[in-house]
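**Student:** Order-wise, the sequence lines are chains A and B.
Numbered by my numbering, the letters in the first sequence go through residues 454 to 748 in order.
Numbered by my numbering, the letters in the second sequence go through residues 8 to 377 in order.
To be clear, the hints were calculated from the coordinates, so they are not data collected in a lab.
None of the hints are false.
Restricting the straight-line Cα-Cα distance to at most 25 Å, the calculated cross-link-like pairs of lysine-lysine (PhoX-like) are:
| # | chain 1 | residue 1 | chain 2 | residue 2 |
| --- | --- | --- | --- | --- |
| 1 | B | Lys185 | B | Lys174 |
| 2 | B | Lys267 | B | Lys341 |
| 3 | B | Lys114 | B | Lys137 |
| 4 | A | Lys572 | B | Lys27 |
| 5 | B | Lys101 | B | Lys118 |
| 6 | B | Lys80 | A | Lys572 |
Sample of chain B residues lacking proximity to chain A, with all beta carbon distances greater than 10 Å (derived):
| # | residue |
| --- | --- |
| 7 | Ser17 |
| 8 | Gly46 |
| 9 | Gly71 |
| 10 | Asp135 |
| 11 | Glu182 |
| 12 | His187 |
| 13 | Lys191 |
| 14 | Asp200 |
| 15 | Ala233 |
| 16 | Val263 |
| 17 | Val269 |
| 18 | Pro278 |
| 19 | Glu283 |
| 20 | Met301 |
| 21 | Leu375 |
Partner residues aside, some chain B positions facing chain A, computed with beta carbon under 8 Å:
| # | residue |
| --- | --- |
| 22 | Thr84 |
| 23 | Ala85 |
| 24 | Ser90 |
| 25 | Ala92 |
| 26 | Tyr94 |
| 27 | Arg110 |
All C-beta atoms in this analysis are idealised placements derived from N, C-alpha and C, irrespective of residue type, glycine included.
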Amino acid sequence: MARAERLPGATGKRRLFGRLFIWSLLLFAALVYLAPLYVVLATSLKDLAEIRAGALLDLPHELNFAAWQAAWSEACIGVRCEGLKPYFLNSLLMSIPAVIISTVLGALSGFALSKFRFKGANAIFSLMLFGCFIPLQIVILPMAQTLGFLGIANSISGLILVHTIYGISFTTLFFRNFYVTIPDDLVKAATIDGAGFFRIFWRIMLPLSQPIVVVAIIWQFTQIWNEFLLGASFTSGGAQPVTVALNNLINTTTSVKQYNVDMAAALIAASPTLLVYIIAGRYFVRGLTAGAVKG
Amino acid sequence: MATLSIEQVSKAFGDTQVLKDISLSMEDGEFLVLLGSSGCGKSTLLNMIAGLEHVTSGLIRIDGEVVNDIHPKNRDTAMVFQSYALYPNMTVEKNIGFGLEMRGVGKAERKAAVREVAEMLQIEHLLDRKPSQLSGGQRQRVAMGRALVRRPRIFLFDEPLSNLDAKLRVEMRTEIKKLHQSLKATMVYVTHDQIEAMTLADRIAILKDGRIQQVGTPAQIYNQPANMYVAGFVGAPAMNFLSVEVAEQAGDLGVVLPVKCVGETVKHFIPLPNPERLQGRIGQPVVIGIRPEMILHASWAAATQPIISCDVELLEPTGADTLCVIELAGQAAKARVSPMLAPQPGEMIELAVDTSRICLFDPDTRDLIA
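Bound-form chain B, shown alone (with noise of 0.2 Å):
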């Protein structure tokens, strides 16, 4: 239980910058994750907050003390490893008791301590084994057990999930959640998988090359993402990015859309809400950020949403929504309608675009305009 804040912190390896300039503060309880694509830094950060790390320059800060040069062990913090990191040579009740072992922690009390935590992540029958006799997930709740057994205040997940198998990934994923809401403990996770990152986080922090390039809650960061990287990033299938000139028709600031339809392109005038963004751009490019589900059949849309007809050209069936490929802009754009409401590759399909939650980018800058 605590709260954690990481003040300007910088990581350079000899002449590598790794981390620029970092800053976030975590509220006691509070479930912080930490997405990124590999290398881009977040498991130094993660390594730093443990004191695995030595800090370049910048403060951390753990319930207000700074903790820059206490010792690992002595910042009780608790860590799970992608690899699990479990001792090979020991049990796994040596695994889970070994870290109050080292804190001079008794024998009667250890084992009360290791078998309370064996039984609430259903392993007691699993304490006599050696981590090579454990299945993938089993591993990964034994690593879990070390952890939980010391009642550290802050937990450190470093992509716990990444080594196992899609089934059981989303097991485990609901498993840390409901932890988390029973333990209410402060949580740090690094992942680069964004689905975790979305279903996991209270809040959520973006990294790229080694700056944070948006903390938000997942909806903040699904519905405005502060730049096209996140907004990327962020959402399965990826958001369409489309380069249009803003325009004005009618009174109205929009967007002008080609469309390809029976092999033609046809223009279509969008029109978008919050017309105070694009004063001083007519005639000039944007970039705008569409999600799949945006655009939606024609049949569901609600009557002020603009209709567009195109070709579609290949269909992506997922079982629960079918992706049509379709041609906007001049680029390859996906759109989610239901499979009863799916036409064959090659004909035609009336779509709705759901304006309101579209969003626009500097092609210059990439940054989200506001």
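This is chain A alone, in the form it adopts within the complex (with noise of 0.2 Å):
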């Protein structure tokens, strides 16, 4: 049996040393990393007499929200004085629908291709691999042709459409290469019970399939919610989402430039997906290292 603390520089002072210096730089490297965050936070915090007193690192002297309550509901974006609050619910109406119509087509497309391998089965999944590379840019046109021929161009439910299209690439492969790992056996012995493809899929597949689906739903929230580019080029005025309504916020110039404002507006935007990954983060890691299904 090997033992661990024989093996060269498991004991003594060189581990010492070692972990003194693994840390540190661990520690120098978050706070690199985390100190944009803090600084967004904090200027969110302070009035525009603190700001422009220009110390940018330091902390506010008091707590105060006056800036998160423009952000929200008074900050003007373009002629409109309503703060973010509208655009936001744009989004979540946006991304609520868009991720889990996303995610049950992917993953009843996944099942399908990993468990009912028909002729060209896999044919089909490369090309649907494909859609994964297929960048934004280049679909902008079509899909503009498209919403507008469907009569859903400027609509939230058009960019449901779009995010759905996009996303079941992704969602179909997470589920596809998830599901390959769960025994054959299980799907022919719910077959000779009397179940069909629905009923597998319902009672035996999807139950299983809880670390995966946090995956898909975290990927495909987070791409949705923080997606840009298609809802400027789709939507104008009342439809945007958050994201490109902050950008408009931002660009929105009245008198002088409210840093704390804006500050406080990314945060609100971008809290929804912090939010998920906070309660989902742990599951994620799993989901995307877990293998097959004990039992």
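Join these two chains into a complex; the hints should help.
**Tutor:** See below:
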């Protein structure tokens, strides 16, 4: 038996120095990485006078949420002065259905591609995979025409459609690769037991899919919520998602640049994805590394 | 309860021919074992009976009705998998009842049926557990329960005991046999374990490279193997195959067996019964198959059995018997003697050959010379 404490560098002074070096390096990297977030957060809590005083890295004198209030419901975007609130709502109305629809479709097609190996299944899978590598810029023009043809240009439903289609490639990939690790015998047993495609999917596969569902949801939600280009291209005015509104808010200048409001708005726009990561992050890592189902 | 008949069935995956012209028929209540090493197509055949694989050509009939194009759920078969294939997200009760639920059996009726089967398999206390909380043997029982509860026409077993440890495997084997005796159901059982096949089967079908080598009762398979493959596959320790020459001596037909004794090779003439099978082969090579238990200690032999003296090179004690490795016809061969009579390695031993059950094989076709 190899004993860990016998390995070179595992004990004594060398180990201590090694550890100190590693920890300080990690700490330094973390500080550098988190510094911008700190600046954004601190600035959002300061008033303009304090910001003008110039000490970027200082803590705010008091917790002042006025800027958050302004960013949420008062700041002017273009000519409307209602803050981010309506656009935040737009983003929710767009992201939630798009995430759910693309995840469900991805799960179904992943199941079909991995467990019902029909002729050409691999070719279809490769084609779907290809979708992951298509840059958004390429599809803007044809997509704009399609949305116009369908009569859902400049609407939230239009964005839901675009994001669902674009997301299916990724969710199919996730689910297909997860389902190939689930033994085929389960499907065979259920088939003999008398269950059909959808019943096997609903009663057996889906309950086993929790880790990969979390991965798909986090991935899709982050992608869709943070997406800017499609939102800017296909919507204007009242139908814009929060990312586009944030950009417009910062570009809308009245008299003075309200850095604190801008920062608060940025944090508000980023908060849902942060929240999703905090709640489901550990499942995300687990889902990415999860292999076969035991038992 | 059903008869099964397989008529000239073939199966190909693309260009690979997996099963070739398989014909088998089973009586109601029969226990048939499909035996073969891995890759011989036995599991594919089972899947075809269940309907999980399409039949490339030929017919499969259950109770006389062609089922080639009938969906698995309507064939009324049940299968026990090697991996058990229990649904990990369901309790044992749900696992067993799933097939009934899919067939629209009411909740109360389902519960009663599950309970009955659970009692039969002694797993009532496990009904609320998930498969991950069960041991291998318990999972195996649940898998059996799932098949039993539906009272299917045909039971299919796909190497159900291969994932169990040796002791449990023997226990479960006995239980499966008991189950078959009490249910009198038609069962098809796939295994690569020849002992399982011998102990369980009413009849065994041995497959190799997608072809049936022999179908017969365990005794037929053991005593009159159709060819050298079957002879070598069944029986442990394996049959000794010796290349010898046919000869005639004093009006008897037999073979000349070179035996190594005190370092020298001594030629013994071994007369064989049923000499007509050797007609016209005098002076030609044949392969004789002698199982280790047919070479016994001389003191236990009948007076008519030829005695050979030979050097013992190696001993393999198994407890009940000791296997002596000797040299016959230039090859290592095994003889089975009682541990009490076993010599030391290097010593000489007198052995008798039970000629009545020796098998003869053609060295070219490798088939039995009957």
